[in-house]
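*Asks:* With these hints in hand, go ahead and build the complete structure from the sequences.
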Amino acid sequence: VLTTDDLFKFRWLQGAKLSPDGSRIVYVVSHVEEAQDPKGKDKEYKTLYLLDAASGETRLMTSGKHVDSSPVWSPDGKTIAFVSDRTDKPQIFLLPVDGGEAQQLTDLKQGAGNPVWSPDGTMIAFTAGTDWGDDGQPDRSKQPYRVTRSVWRFDALGDLDLTVSNVYTIDVASREVKQLTDTPTVDSSLQWSPDGKRILFLASMQPDTFRSLFPTMRIVDLDGHVSEVAAGWGYVNAGYWLPGGNRIAFNGRPDDGAPIGTHDDLWVYDLDTGHFDNRTPALELSIGGRLEDRMPVNSLDAAFIGIHEDNAYARVQQGGTVQIYRIALTGDADVQPIITGERACHLLDMGQGKLVFSADDINTTPDVYIANLDGSDERRLTHINDEFLADISLPEYQNLHFNGVDGVEVEGWYVKPTNGAAAPYPTILWIHGGPHGAQGNHFAVDTHVLAGAGYGVLFVNHRASTGYGNAFSTAIKGDWGNLDYHDLMSGVDYAIDLGLADADRLGCCGISGGGNLSCWIVGNTNRFKAAVPQNPLSNWLSFYGVSDIGVWFSVEQLGGHPHEIPEVYRKCSPITYAHNCTTPTLMIQCEHDWRCPAEQSEQFYTVLRANGCVVEMIRHPGGFHGGSIEGPLPLRKSHLASTL
Numbered sequence: 001v002l003t004t005d006d007l008f009k010f011r012w013l014q015g016a017k018l019s020p021d022g023s024r025i026v027y028v029v030s031h032v033e034e035a036q037d038p039k040g041k042d043k044e045y046k047t048l049y050l051l052d053a054a055s056g057e058t059r060l061m062t063s064g065k066h067v068d069s070s071p072v073w074s075p076d077g078k079t080i081a082f083v084s085d086r087t088d089k090p091q092i093f094l095l096p097v098d099g100g101e102a103q104q105l106t107d108l109k110q111g112a113g114n115p116v117w118s119p120d121g122t123m124i125a126f127t128a129g130t131d132w133g134d135d136g137q138p139d140r141s142k143q144p145y146r147v148t149r150s151v152w153r154f155d156a157l158g159d160l161d162l163t164v165s166n167v168y169t170i171d172v173a174s175r176e177v178k179q180l181t182d183t184p185t186v187d188s189s190l191q192w193s194p195d196g197k198r199i200l201f202l203a204s205m206q207p208d209t210f211r212s213l214f215p216t217m218r219i220v221d222l223d224g225h226v227s228e229v230a231a232g233w234g235y236v237n238a239g240y241w242l243p244g245g246n247r248i249a250f251n252g253r254p255d256d257g258a259p260i261g262t263h264d265d266l267w268v269y270d271l272d273t274g275h276f277d278n279r280t281p282a283l284e285l286s287i288g289g290r291l292e293d294r295m296p297v298n299s300l301d302a303a304f305i306g307i308h309e310d311n312a313y314a315r316v317q318q319g320g321t322v323q324i325y326r327i328a329l330t331g332d333a334d335v336q337p338i339i340t341g342e343r344a345c346h347l348l349d350m351g352q353g354k355l356v357f358s359a360d361d362i363n364t365t366p367d368v369y370i371a372n373l374d375g376s377d378e379r380r381l382t383h384i385n386d387e388f389l390a391d392i393s394l395p396e397y398q399n400l401h402f403n404g405v406d407g408v409e410v411e412g413w414y415v416k417p418t419n420g421a422a423a424p425y426p427t428i429l430w431i432h433g434g435p436h437g438a439q440g441n442h443f444a445v446d447t448h449v450l451a452g453a454g455y456g457v458l459f460v461n462h463r464a465s466t467g468y469g470n471a472f473s474t475a476i477k478g479d480w481g482n483l484d485y486h487d488l489m490s491g492v493d494y495a496i497d498l499g500l501a502d503a504d505r506l507g508c509c510g511i512s513g514g515g516n517l518s519c520w521i522v523g524n525t526n527r528f529k530a531a532v533p534q535n536p537l538s539n540w541l542s543f544y545g546v547s548d549i550g551v552w553f554s555v556e557q558l559g560g561h562p563h564e565i566p567e568v569y570r571k572c573s574p575i576t577y578a579h580n581c582t583t584p585t586l587m588i589q590c591e592h593d594w595r596c597p598a599e600q601s602e603q604f605y606t607v608l609r610a611n612g613c614v615v616e617m618i619r620h621p622g623g624f625h626g627g628s629i630e631g632p633l634p635l636r637k638s639h640l641a642s643t644l
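Residue numbers (this note's numbering): 1 to 644.
Bear in mind the hints are in silico, worked out from the structure with no lab data behind them. Computed from a predicted model, the values in this text were never measured in an experiment. Any given hint could be a false lead.
Cβ-Cβ distance ranges computed for the label pairs, FRET-style [stated by the list, open to error]: (1) Asp386 x Ala54: 16 to 22 Å; (2) Glu309 x Pro207: 36 to 42 Å; (3) Gln104 x Pro75: 17 to 23 Å; (4) Pro75 x Leu541: 51 to 57 Å.
Cβ atoms here follow ideal geometry from the backbone N, Cα and C, with glycine treated the same way.
*Replies:* If you want it as structure tokens, here you go:
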């Protein structure tokens, strides 16, 4: 069985790119080397591999002793540009595909990242932070400083004045660097126009809005002239040029008053006419949607859209699966699933009539796959963790369908323990975050460790979960703690009725929105024997003022500002009911979480303590909101052990 000692034995796929001729794939795998000395430190690396698409033969491209990531092929297929930490700051390096040492390309004091080749291969566009000169970046832990942004610090980024990144280019031959943008935003997702004269990018963390997470699309030419695309339209994800260079495909949703949780569509924007064309008007599933990650594979989460002739290819979340769809870009709306199955598939790249994607499920970690554009001739090309998992007992699991309190069908999964015990099993209700997220056919290390320790694990895609249509995903606006809570309890009751879950041995846990519902549960029922909320939202009123998304998220979720609807803020806050709690509770909190800051756990801890409930709190110094998944290695290890 899997135990907490196995956490760092996994190797994780971090992305893959297809060569221009379609014959080879460069992919990235992360791994942890555990310290041999008890006083030493574990170290995490990322390594580049080269894969022959026909034979499946793989060879190592980098040493495995650095963090090497973000590989991109030159247009002629002879060179791979990538980012490496083998210097003081991460820089861009060039690696000959057919042999030879990597050569450093950039040498910026602030480092460089996110390389993208120009169509003719003469330049690379990239992003870099601010050059602070000889004095270096200001140390704001020691000197007073002035705050002028609406949102001034952001989770996992920190102080936004110190996190600004801009668009640059470098001439590959002469090494001449040119800065193209100079604004107080975080620029990302660079895309060269087909003629190589412009760069499309996203600009987020704008200083004058509380919706800093919502980027705008912008275009910059090689002289540094910037124009905004679809200004004020709404939420936009990464854009992709269409052939001809006068249209852009992107996924997003307009700012038209639709409730939060509404799905994203695929749109085509015409730069000449300003016309928006919704290419998925009848699909109530999110383009670019995904399942909640509880493994360190953030690099797979970019919502890549592939373009081939008059079609786009994109991932789409449907219930507890993630599939790849083909979407017509012209003519009548035509949306077809191409890569399907009870699994999670992420499109990573495409070209030469091939789709390159990752796939995983409850018992299989992500690997690289390839298929034709119509989904035929699918082949699995890597087996990254097969050898390690070969001797591990993997659990049986069962897909559940049951009715909520109002008769609406709800989906869940029950993962059985692997220790050979007889049912009914002690059961952990694992609650996803978001709340507009979902669980399902996706690998999670903690689930397997809990199963190995003798617990059954129950997932429920409660109301507000994505992948079941807009009515389902928007149902809790202004009413948190009602249908979502009852869906969870209906799932627990159903698992008990099936003889799977032991009604007298129940626990609950979750991160973020899952932490919120864990706090809600213990204030509203005593049927659980233990609860472990991590980085929860416990008090909407203070969350409004301290979270990096507090103002816009609170207003969107609850329907107004605190002074407008104070009764809703009180009704929907777990802190309101915390004094009722008799369930032994362990709070887990990352101290540099700016999404659900530490005071959210502190309040809940204090109320439980003041009312005689058994409660403890584990604090992780320096950890961000998702730190238990992709944060510092000691934090990840501590969190997994604490959950047990």
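*Asks:* Compare the structure with the hints numbered earlier in the document and write down the numbers of the violated ones, lowest to highest.
*Replies:* none
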